[in-house]
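There are 2 protein chains.
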Amino acid sequence: MEPSPVVVLVRPQLAENIGAVARAMGNGGLFHLRLVAPRDGWPQPRAWITGSGAHRILDAAQVFDSVGDAVADLHRVFATCPRPRHIIKPVLTARGGAAEVVAIGQRGLRCGVLFGPERTGLDNEDIACADSLIRYDLNPDFMSLNLAQAVMVFGYEWWLARAPEQPARELQVNETMPATKGELDNFMTHLIAACDERGFLRNEQKRPGMVRNLRHFFQRGEVTRQELNTLHGVVTELGRGRK
Amino acid sequence: MEPSPVVVLVRPQLAENIGAVARAMGNGGLFHLRLVAPRDGWPQPRAWITGSGAHRILDAAQVFDSVGDAVADLHRVFATCPRPRHIIKPVLTARGGAAEVVAIGQRGLRCGVLFGPERTGLDNEDIACADSLIRYDLNPDFMSLNLAQAVMVFGYEWWLARAPEQPARELQVNETMPATKGELDNFMTHLIAACDERGFLRNEQKRPGMVRNLRHFFQRGEVTRQELNTLHGVVTELGRGRK
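Protein chains in written order, with numbering that gives the first Met the number 0: chain A, 0 to 242; chain B, 0 to 242.
A few of these clues could be false.
[What the hints assert, rightly or not] A partial selection of chain A residues facing chain B, derived with a Cβ cut-off under 7 Å:
#, residue
1, GLY28
2, HIS31
3, GLY52
4, HIS85
5, ASP136
6, LEU137
7, TRP158
8, GLN165
9, ALA167
[What the hints assert, rightly or not] Cut-off 20 Å, straight-line C-alpha distance, at most; resulting in silico cross-link-like pairs (EDC-like, lysine to aspartate or glutamate):
#, chain 1, residue 1, chain 2, residue 2
10, A, LYS88, A, ASP130
11, B, LYS88, B, ASP130
12, B, LYS180, B, GLU226
13, B, LYS180, B, GLU221
14, A, LYS180, A, GLU221
15, A, LYS88, B, ASP195
16, A, LYS88, B, GLU226
17, A, LYS205, A, ASP195
18, A, LYS88, A, GLU124
19, A, LYS88, B, GLU221
20, A, LYS88, A, GLU15
21, B, LYS88, B, ASP136
22, B, LYS88, B, GLU124
23, B, LYS88, A, ASP195
24, A, LYS180, A, GLU169
25, B, LYS88, A, GLU169
26, A, LYS180, A, GLU226
27, B, LYS180, B, GLU169
28, B, LYS205, B, GLU221
29, A, LYS88, B, GLU203
30, B, LYS88, B, ASP122
31, B, LYS88, A, ASP136
32, A, LYS88, A, ASP58
33, B, LYS88, A, GLU124
The set of hints was computed from the structure by calculation and includes no laboratory data.
We put the beta carbon where it would ideally sit given N, CA and C, even for glycine.
The following block holds chain A by itself, in its conformation from the complex:
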């Protein structure tokens, strides 16, 4: 068994949604799907259509009669998107919940995450089978969250919690490299010479400020060698003037 948590759909109504859940699970790297009393029985061919390639997850889905049976072999159970009034339980964000699931998995223990029926969500009996609640931080004025979207948000956070952190911003340079300051300086020399040749920088008073502005512009974002080569070509060609 892979160390990914079990997604438990409690009394899901629409087979299309079960398929969409499987697809979202694939996106997030979650592979273990359990269904508690699916309304229309199981299997339902429509799920494989909306599953859009997540066949492996749907083929391996297990069906149970009750939440208790579905979580009997698990060590820790989380209930998502709860709307309970009078329950005393730890409440986690999606991010916090995903981090706990990862940490528990690293101890070799098995987790499950409960998702309720489309219309009503989990009831109080379902939630009594869980150790903690996971409550998403989303627009409180529009809480109608599609079942597959609920699984997507958890799967996304679960993937992020395990993945090595990506830089929030980086320059994709492909087959080229960012230019060095010296390479940029070569280009500036070329550009300024071409401007001088055409008389564009002839106002001696304004000249230093204009040159500085050009330097600032070309250093606003990282520039790559390939881009500098193209810019050299543009300056050379424009410098020749009209034929």
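Dock chain B against chain A, hints included.
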């Protein structure tokens, strides 16, 4: 105009997906929807069905012939989930992109986020209209991401980037309060007295360890006053023995 970024669906194919996108936008607090050349024309009643209450967003959706027209009044444009080979551009994570969108909005500037057609994604011409790319960190072995799921992940991150940070874990206590150590101690005294009365802790050698174990257990998670009251009742009742 609210300071939320514009969601631009480029050549969307299925009206059901446009509706599901609007629903996901509502969840994430995004309200401005633009459609570039929707395949089946616009409006399409099926979108209002899958929109599941996001009527306001769909009613206000604007249609454009080209990506250039759709972004003409925006200051910064992001392209999501790109699959380009030879493009030199900044690449952001969903989280990093959401943070930039928020920061740009705080300067009073307008942002747009491009989402491509279901089957093919954005093409190179579309991407040339964007300043930066947003690439989601998800399972690379299953990249088939539903259009509404793509919008959901961005909307979720956008909401989080603006919302005051939630504690990753907290105890939901409702109408009660976590117990103080003194209240817990009262209960432990009650419990141990009841155990002593029944002779449960009679082994003097094991007694200190057993009492310590009980203390540890009742401090494993936060206990509330209401729970302690119930536990006092249980101990009193069990201590009376069978009738």
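Of the hints given before, which are not true for this structure? Hints 2, 15, 20, 23, 28, 29, 31, 32, 33 not satisfied by this model.
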